[in-house]
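Keeping the supplied structure of chain A fixed, place chain B upon it in accordance with the hints.
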Amino acid sequence: MSLLEIEDLTVTYGTDDVRVHAVNGVSFDVEKGVNYGLAGESGSGKSTAAEAILGLLPGNGRVDGGSVRFKGQDLLELSAEERRDVLWEEIAYIPQSAMDALDPVMTCGAQIRQAIQKHRNVTDAKARERIRELFDIVGLDPDRINEYPHEFSGGMRQRVTIAMALALEPDLIVADEPTTGLDVVVQDKIIDQILDIQERIDSSLLLITHEIGVIAETCDELSILYGGTVMEQGSVDNVLVNPTHPYTMGLKNSFPEVEQLSDDPVAIPGSPPSLGAPPTGCVFADRCPFETEECTAETPPTVDLPNRNHRSACHHTEQAAQMRRDAADPETWGVDPSDEDASATSDEEILRVDDLQKWYTTSQPLLDQLRGEDPPKVKAVDGVSFSLHHSEILGVAGESGCGKSTLGETVAMLEEPTGGDIVFDGKSVEEYKRGGMKEFRRNAQIIFQDPFDSLNPRQTVRQLVTEPLRIHGIAEDRQEEKAAETLERVGLTPAEEFLDDYPHELSGGQRQRVAIARALVLDPDFLVCDEPASMLDVSLKVNLLNLLRDLADESDIGIIYISHDLASLSQVSDRLAIMYLGRIVELGETARIVDDPKHPYTSALLSAAPEKDPTSDRERVLLDGEPPDPVDIPNGCAFAPRCPEASAECRETEPTLDEAGDDAHSAACYFPVDGTSHDTGESGSLSSTTADD
Amino acid sequence: MSQFQRFLAKRIAIAAGLTLVAVSVIFFTLRLLPGSPFTQLVASGNLSEQQVNDIMALYGLNQPLLDQYVIYLKNLVTFQFGYSIRQSRPVWEILGPKLFNTLILLVPALVTTAVLSTLLGMYAGWNRGSWLETGSIVTTTFLRSTPVFITALLVIIVFSYNLELFPAFGMREITASPSGFTDTYLSLDFAYHYILPFTVAVLYYSGDFLLLARNGIIEKKGSEFLKLHRAKGLTETEQLMRAGRNSLLPVLTYFALRLGMIFQGLILLEVVFGWPGIGRQLVTSISQQDFPVVQAAVFLMALAVIVMNLVADVMSAYFDPSVSAGGGS
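Top line first, the protein sequences correspond to chains A and B.
Heads up, the first sequence is in our numbering, so the first residue is 3 and it goes up one at a time.
Heads up, the second sequence is in our numbering, so the first residue is 1096 and it goes up one at a time.
Read the hints as simulated data drawn from the structure, not as lab findings.
Idealized CB from N, CA, C, for every residue including glycine.
Among these hints, one or two may not hold up.
Below, simulated DSS-like cross-link-like pairs (lysine-lysine); rule was C-alpha separation at most 27 Å, straight line [claimed, not checked]:
id, chain 1, residue 1, chain 2, residue 2
1, A, K379, A, K440
2, A, K34, B, K1322
3, A, K440, A, K484
4, A, K379, B, K1105
5, A, K120, A, K34
6, B, K1105, B, K1169
7, B, K1316, A, K120
8, B, K1169, A, K120
9, A, K381, A, K435
10, A, K440, A, K429
11, A, K34, A, K73
12, A, K73, A, K120
13, A, K429, A, K381
14, B, K1322, A, K73
Label-pair restraints from in silico Cβ distances [to be verified]:
id, chain 1, residue 1, chain 2, residue 2, range
15, A, M101, B, L1283, 54 to 64 Å
16, B, E1314, A, P636, 34 to 44 Å
17, B, V1253, A, S509, 32 to 42 Å
18, B, E1314, A, V124, 32 to 42 Å
19, B, E1314, A, E84, 29 to 39 Å
20, A, G493, B, E1314, 32 to 42 Å
21, A, D145, B, L1283, 56 to 66 Å
22, B, P1345, A, G61, 20 to 30 Å
23, B, G1317, A, D328, 41 to 51 Å
24, B, E1314, A, S509, 24 to 34 Å
Listed below are several chain A residues computed to face chain B (Cβ distance under 10 Å; list not exhaustive) [as the list claims (entries may be wrong)]:
id, residue
25, G61
26, V65
27, S99
Pulled out of the complex, with its shape left as it was, chain A reads as follows (with noise of 0.2 Å):
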């Protein structure tokens, strides 16, 4: 008997007009001790499966059939008050969100206190033995356990959640996302904790994220979803290496890696079903490319193949094979490679960044401030220089609080710059201050983060896009036709459709190309992007990568591009800029950065991103600690203290960014890594030319 057997599970959830088909007939197994993984875009049911095992549906969600056994039991037919003594004593959840997971106005301590007397009958003096304990085991100061959870970064909340799961150890953990949002480098130590402490106290893990690669490290097993229905799964090393279903392929096609600069992404063209009525046929079927008429008459079973750990649901699973090779080659997908590495960037420079400040003050007592001393200052952007030439990507990578999204909104000149200087299109920006200002925001265009609150939702597609040219009074007859152009070019095809929409009524990946639309409308030389693509799905993200760089390619747009996300990021850039604390600390090609990182802060990063091969193994080098406290960074090199290399001489002078390196790759580091000490799979063809000098 498994652990906790999922069969035929059908959810739905009532809206005001119809009843949405969540999840439609989902089984799984997962066995005693076994790692499983759910994977799946947003709006695959994964999330929604995983409420129902634990009954967290939200009130308008309903389980409409189906069983979820836990040792036998089913857990649905259990009175409320049965099922939560359930809860955590047999089943712990993992939120999704670190950040507001946890109560703000309960101590992290509390909380966990809570979850324990909950459930058994201990003093609150044994408790605290216990918490201090699980704060021990999840690497948190044991001290720390009165301290409320805004006192934590979000990592170490994650921690606490983890903590908390432990708590009354239990036979299974289902973690919900539990590193979106979290940077690589935190996803990385998260998913360490999470692997070490279910080995030790051998309980099953049920995983469910958006991300194959997590899975690939993480899990045994894994799911598919798609649609709110099973498209195949089985043992991971089987289904991720040799996949049956054109979906799983088109999802591991589309998941950006490292490692992998010569070929390209591939999205999976359309977007997901809607789901209010139960998918009669195979719910992929209009996306895919090798769809039968059979498809969409008649729903694929769920068939094992034979001699091994893997079940798909495609009529088509006998040509498997085939099909794994057709789907490597992008034009399978409807994608055109050929305007393959068009990308020579020209020489002429639009952007030069100068050592670049911005510093903020933060607030001190009043006492001081009459004594005239000087507020203590947080250095988001500290000494920077750079240049950007048109029709180029530069890549700019970091943890959160690396100043990354100060640089980019210094250099759009929404943040006033502390010092330094910023030259666009040759003429500096004090010049556009005297009166060109105007200018300098129709050539200079920013995207942000989060689609949701950038666009305002008072306002239609067409104002939204129309509204630049209305203020800098471009092409006043021709505005409309101007913003469907735009929107068009952006992949809002055919553009009537969209214009009369309001932001609410398009999707995430529609929203954030609306965005792109209002930037791009002006014809702007320059572009900064901050993390646009990271609340979209894989495949949304992709199409927004591919956009990117084409719009460099085609328009001699030079871009800059923040994020976190190292695999995205060597995808579409030409240059990479990796910063730590307000400086860059590595300057190259993406090729020569992701095959010879020389810092190793940058090799730390690199090793950090996951990969979706199962069967490759990965080295992790986790970085200890947090950064440091940027009102209080320490003397010399500022990783120094983090740094397994670091000698004296680190912490006690700067090194700057021509230490090491030439020209075309350069880094601040007194002992630059050598060779490939990440584990790349192919080696650094180019570590042995440039040795530090």
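Same frame as chain A, now just chain B:
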């Protein structure tokens, strides 16, 4: 100095500054009004020029304005409000009992409604879309938007004139002349007169608390941390309490501010029920241009609002762990 002490010191300094501004405004505004308390006496020809000057000198009203202002401030610091011009009694003797009458009516009413309406509002927010939610919102909004004297008159008509359950007017029987605290406030007669104005005040204040609590709960309801509480196996009630605790801050702040404003009394309520409170006294004194009484009354009201603002700030810092950490800026 700890962060919290610094925060407190800052807030107290601000409160003191505000009080100074308030008392100055009262002082000069009253002096700017046309006429003086004695104009009427002079006009009726009962007093000679000499007598008027003597009286003015007695009250110090012949001194330069600035000197009067300084004396006024000095006296306020020691809570000496002076003598009423009309009644020739110390101001505090007049205002004290009136203020007490107002507070004994409105403070219990406010506390009652704050507790009951907040709980009801939380429950209504938790059960969003239920008849209870819709019904409670409609009722309290109606009560809140109807002028309080209309509600009061309605209550008087129904319970006093038609059903003849409760008296319509005053704090006690006209014939009664109780002496001492116990006799005045702890008698059956008082309770009998108390019920109607108390009920109207409770109803009048209920809407704000109910809506605040309901909105707070609705805002928190879908939040991730409640989902985690639910996953931990907390019962519905326990979850509601956590959501309530998290949305308590606006309610508490509003309560503190309201409590400060209570010192002004509910003038219309006091008039309709003939309740001898501070609001009614203030209106009378203004029309009589009884400067010392008006000054003292307005000072007390302003002070109460400012002090309760301070209390609200401190409570925010106490109940929201992330407020004091920011140094209160």
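Hint by hint, here is what the structure shows:
1. A:K379 x A:K440: violated (31 Å)
2. A:K34 x B:K1322: Roughly 26 Å separates the two Cα atoms, so the pair holds.
3. A:K440 x A:K484: holds (20 Å)
4. A:K379 x B:K1105: holds (23 Å)
5. A:K120 x A:K34: holds (25 Å)
6. B:K1105 x B:K1169: holds (24 Å)
7. B:K1316 x A:K120: holds (21 Å)
8. B:K1169 x A:K120: violated (59 Å)
9. A:K381 x A:K435: OK: A:K381 and A:K435 at ~23 Å, within 27 Å.
10. A:K440 x A:K429: Given that 27 Å is the threshold and the Cα spacing comes to 14 Å, the pair holds.
11. A:K34 x A:K73: Given that 27 Å is the threshold and the Cα spacing comes to 10 Å, the pair holds.
12. A:K73 x A:K120: Given that 27 Å is the threshold and the Cα spacing comes to 22 Å, the pair holds.
13. A:K429 x A:K381: holds (26 Å)
14. B:K1322 x A:K73: Judged against 27 Å, a Cα distance of about 24 Å means the pair holds.
15. A:M101 x B:L1283: 54 to 64 Å: holds (58 Å)
16. B:E1314 x A:P636: 34 to 44 Å: 41 Å Cβ-Cβ, so the 34 to 44 Å window holds.
17. B:V1253 x A:S509: 32 to 42 Å: Check failed, 57 Å falls outside 32 to 42 Å.
18. B:E1314 x A:V124: 32 to 42 Å: holds (34 Å)
19. B:E1314 x A:E84: 29 to 39 Å: Holds: the Cβ-Cβ distance is about 31 Å, inside 29 to 39 Å.
20. A:G493 x B:E1314: 32 to 42 Å: At roughly 36 Å between Cβ atoms, B:E1314 and A:G493 fall inside 32 to 42 Å, so the hint holds.
21. A:D145 x B:L1283: 56 to 66 Å: holds (59 Å)
22. B:P1345 x A:G61: 20 to 30 Å: This hint holds: roughly 24 Å between Cβ atoms.
23. B:G1317 x A:D328: 41 to 51 Å: holds (44 Å)
24. B:E1314 x A:S509: 24 to 34 Å: holds (25 Å)
25. G61: Interface hint status for A:G61: holds (8 Å vs cutoff 10 Å).
26. V65: Since chain B brings no Cβ nearer than about 16 Å to A:V65, farther than 10 Å, the hint is violated.
27. S99: Constraint on A:S99 satisfied, holds at 5 Å.
Checked against the numbered hints given earlier, the structure breaks hints 1, 8, 17 and 26 and satisfies all the rest.
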